[in-house]
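J.: Which chain is which? The protein sequence lines are A and B, in order. My numbering puts the first residue of the first sequence at 1, with every later residue one more than the last. My numbering puts the first residue of the second sequence at 1, with every later residue one more than the last.
Note that these hints are calculated values from the structure, not bench results. Honestly, I wouldn't trust all of these hints.
Unchecked claim - Simulated DEER-style distance windows between Cβ atoms:
1) A/Ala-111 / B/Leu-276: 37 to 43 Å
2) B/Thr-5 / A/Arg-151: 40 to 46 Å
3) A/Asp-57 / B/Ala-100: 49 to 55 Å
4) A/Phe-42 / B/Ser-258: 36 to 42 Å
5) B/Ala-48 / A/Val-186: 39 to 45 Å
6) B/Asp-34 / A/Glu-79: 27 to 33 Å
Idealized CB from N, CA, C, for every residue including glycine.
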Amino acid sequence: MDDARLDTRVVQRLYRRANGDRWGVPVARFGAVLEASVSRVFSGDSPDQRQVERYLDSLHLEDLALACACADGHEGAWEHFVREHRPLLYRAADAIDSTGGARELADSLYAELFGLKERDGERQSLFRYFHGRSSLGTWLRALLAQRHIDRIRQTRRLDPLPADETPEAVPAPVTSIAPERARFVVAMRRAVGAALARLVPRDRLRLACYYAQNLTLAEIGRAIGEHEATVSRHLTRTRRTIRQSVEQSLKQVENMSDAEISECFSSVSTDAGPLDLAELFGPGLARKNTGGDRSTDEGPAEAGHYRSRGEQ
Amino acid sequence: MNSKTDRDGAIDDMLRATLRADAARATVSDECIDAETIAAWSDGALPAASAARIETHLSRCSHCQALLAALVRSAPPTTAPSRSIWQRWQLRWVVPIAAAASALALWIAIPSDRREAAPQIAALEDSRQQPATSSPAPPSNEPAPLREEAARNLEKRSAQRQFRDTTEDKPASPAADSAAAAAAPVRRDRAAEPQSLQETVTLSREAPAAPPLRGATPDQASQRQELAALEARSADPAIRWRVVNRTRIERSTDAGVSWQAVAFPEATDLVAIRALSTTSAFVTTADNRQFRTDDAGKTWTPVAP
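Looking at chain B on its own, in the form it has when it is part of the complex (with noise of 0.2 Å):
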């Protein structure tokens, strides 16, 4: 056996003898971490001395490395799109580059000759459709000073949420309260967009990225996004509904001041919600059922595919 490939087979075999022997050996001794330290590790919350020591620890113990094994197990799985990015990416897409492509297309069909006679074409038919196509915004019965405000009041409360989630997400550290603020004028900037009064359907998570504390990981800052809310709105403004945790559903009658608990049928994940009407909407599960309720959440009824 001279090859690399054939040795590091040999120590591949001979390490999961020897490993798994160990674990098949596992005993409890004083120095075992209990869950509440090993739950503390885990989410990141541990000082570095005090997480290395664990770490050392972990790496010898067999009964300790079965206790971190069943915790892994037991998390909740940190992806489960309804939409694959491809998927998103395409819908997204599709219509500007339609109508690139589409531009283009008449842009080289057209003869040059009857593109420059074009304007003067226009300008002729603008003139004759003056009276109607005089204001150039979308029509709106708000008064202008009414938007203003709506817009102002959408951004207050984006700022509230803003610090709620900064207070829950703890940023101990610089560096997490710059990954805050960072976020917040993107969150803002979502939020003074005019609310069309259509359905509307909020995919993006809201909770910012802050990085989680001392020796938290990239992986379990990502698992905090993916628990992140799902937010749906009505044709009503103040109807707002949203997915939390991926397991709880929650109804706002005030835009989002405040949330009531919806009951739901079933425990499972829960990964879209869509608002139909002040009173009814759909959700997804990670396993593609959707559910609708027209009555604000009282019963949920399965829909078929």
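Bound conformation, chain A alone (with noise of 0.2 Å):
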């Protein structure tokens, strides 16, 4: 849906709902916010009418009001939403950073909200990128949070890594291990990469959000939308799963014996070893920089327990 035409009816009513007269965004701009809106999310699409009014009537339409508002300058908008929004991007930059990091984030976010910058003679403020699928609340909270990794991502490109996390020594010394122990890591390795690409999305976003991204388990609920006992009760059917699967492989596929499979799980607990999981997961994440996170670099969790909220 490359060229969305509304109709003036629909975009009336909206703006109505939106209290567009509030800031004094003129009609015509809000329906042409309302258009862009569309066509981002029906891009490549042609939905029928019913389609649209659903979406846009799904929109956070006061925040977009509000949004457009801002953009155009308004300065009774720009109060309000410096009121009203102020405080919880700060909260939310105390929390992602406690050493206050995200703060300078936060204010040089207001900057590009304002729109400092300038094209061609007009103000270009990031309040165009804000379409009212989510909140505003939610939406600055996820550009803070992309400033935030995209920070650390930057800042661990400039640094050398430690001897510990470079590429050459992720992957574990095999060759200096007794031949038959290397065999073991392998053959488990192999499986339990195995019993991850089977893996549901959800289960898998569930282990990568504990284990790697160190979230509680109420943290974890929160993002996914789940209670964290369920979470809990998902993690642990999920390890056992792959228990499982790991057992299975490793008797049917490479036909080791009970006791060779003890000493492949023995084998691992001392030396566990990474495996390269986009290798597993296809081409689909075709890597172009390289880089990382440290922000999830906290330590890890202790083995079998799950940490709960009131753990953290």
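Please assemble the complex out of the two chains, which come individually in their own frames, going by the hints.
T.: This is the structure we're talking about:
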């Protein structure tokens, strides 16, 4: 849907709902913002009128009108925005980085939202990227989170990697251990990799959030819309499934005896060794840049015990 | 290593090593999710198919997982009650339970022959005090029609607020509508209750618990409930105070029809508000500090604990 022309009655109705006149946003301007939102979401599709209206009705219209007015430089709207959202954004910044680093990001975000940059004599406000699909607050937090992650990646690219994190150091030194044990470790990695690749996306996401991103059960629950008890139950089930899958794979694919399977598990308990998941999950994640995220590198969780809210 | 527990432990170690190493090699691809989309996904605003696509990408992309983790960590706390549920329960029920216990104790203590005589004594006393107790209704300076009109006005305002809340929450499904409808009578009843002219503190959340859009989660719904307004009414029914989104204070001088923002000196979570008079109010922060204003919110002074 490249050229989205909206019915003027629909625009008028949504404009009233959005209280657009509160900020003096012209109806035509608001209509253009709605059209931009529709174009973005239905890009390449041809939705019918009902689909479009249903989508438009689901938007955070008041936030969209406020963002539109702020982008246009309406003083009252900007004051309202600062009063309403500044405390939220600062709190979010403190939550992301308790050392205060993210506060600078929040401030620079304000500058970009205000539109300090100009192109062809026009202010370029970040608000033009807000399409009303989420609340303004969530969008701001997401922007801040993205800036935070980008900054970490940049810092990481400039810093020399610690010796134990260099790509050379990442694979376990298989050659330095006994040949038999090396066979067990390699077999285990293959089996675990295959088991991980077979998981449904949600199970994989839970595992990644818990083990890699170090989120608590409550935080994972908030991210994917589950209760923390449900998250805990699913994590336990997934780990059990992986263990069973690994046992089966070692038995049937690697033709190992029970004693050898035991040895396999023993070998990884002392040398877990990482897998390259990108290889397992296929070419969907074509890598362009290297870098990483140290924000989540906060030390491992206790084995076999999932952290709950109280243990954060 | 034969026990399942030990093997689970080994898998645990291996998952940690594998997934953390993958996160350390996080990279950006063309498919990575932008801030606007992950915000929409997080708010449950995407259609099921799009949400599933995003989830699949998130499950494989360490960079986007880090973004999601930062977004989740930045979320405002969802629970910061000033008092525990147990404490609130205690306060709510302590009076009726004590009264019931006293009545039971009296019933047991008083001999049955005196119990039978008691109504006669009460009747005698009633007849003696007839002029003073002839009206069982609580004394009121307002004539009955005025009280009814006030109740009607309150009910109307409650309905307006309900409509506003409903439109703000955008219930896009019949389930959401029915949830809002189910919540409405409760709010009407509350609004129609006679308002005490003394200090009133409303700790209940007034926003309807309408479920959010497609794919929205119970947690997100509860988050919305948490962010609803706390309202306090002063001695003058027209003057009201409220805390919105736990971040800002607003004051109304027309019984809640319109609200004016009140500046507060600190950027902190506000969990309770109490109106002392038309110009004085107390607010309680999430870390249990209290602030007081006596000039309708122009200045706030910390109150010593």
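J.: Could you run down the list of hints and mark each one as holding or not?
T.: Do the hints match the structure? See the list:
no., hint, result
1, A/Ala-111 / B/Leu-276: 37 to 43 Å, "holds, 41 Å"
2, B/Thr-5 / A/Arg-151: 40 to 46 Å, "holds, 41 Å"
3, A/Asp-57 / B/Ala-100: 49 to 55 Å, "holds, 51 Å"
4, A/Phe-42 / B/Ser-258: 36 to 42 Å, "holds, 38 Å"
5, B/Ala-48 / A/Val-186: 39 to 45 Å, "holds, 40 Å"
6, B/Asp-34 / A/Glu-79: 27 to 33 Å, "holds, 28 Å"
Of the hints listed earlier, there is not a single one the structure fails to meet.
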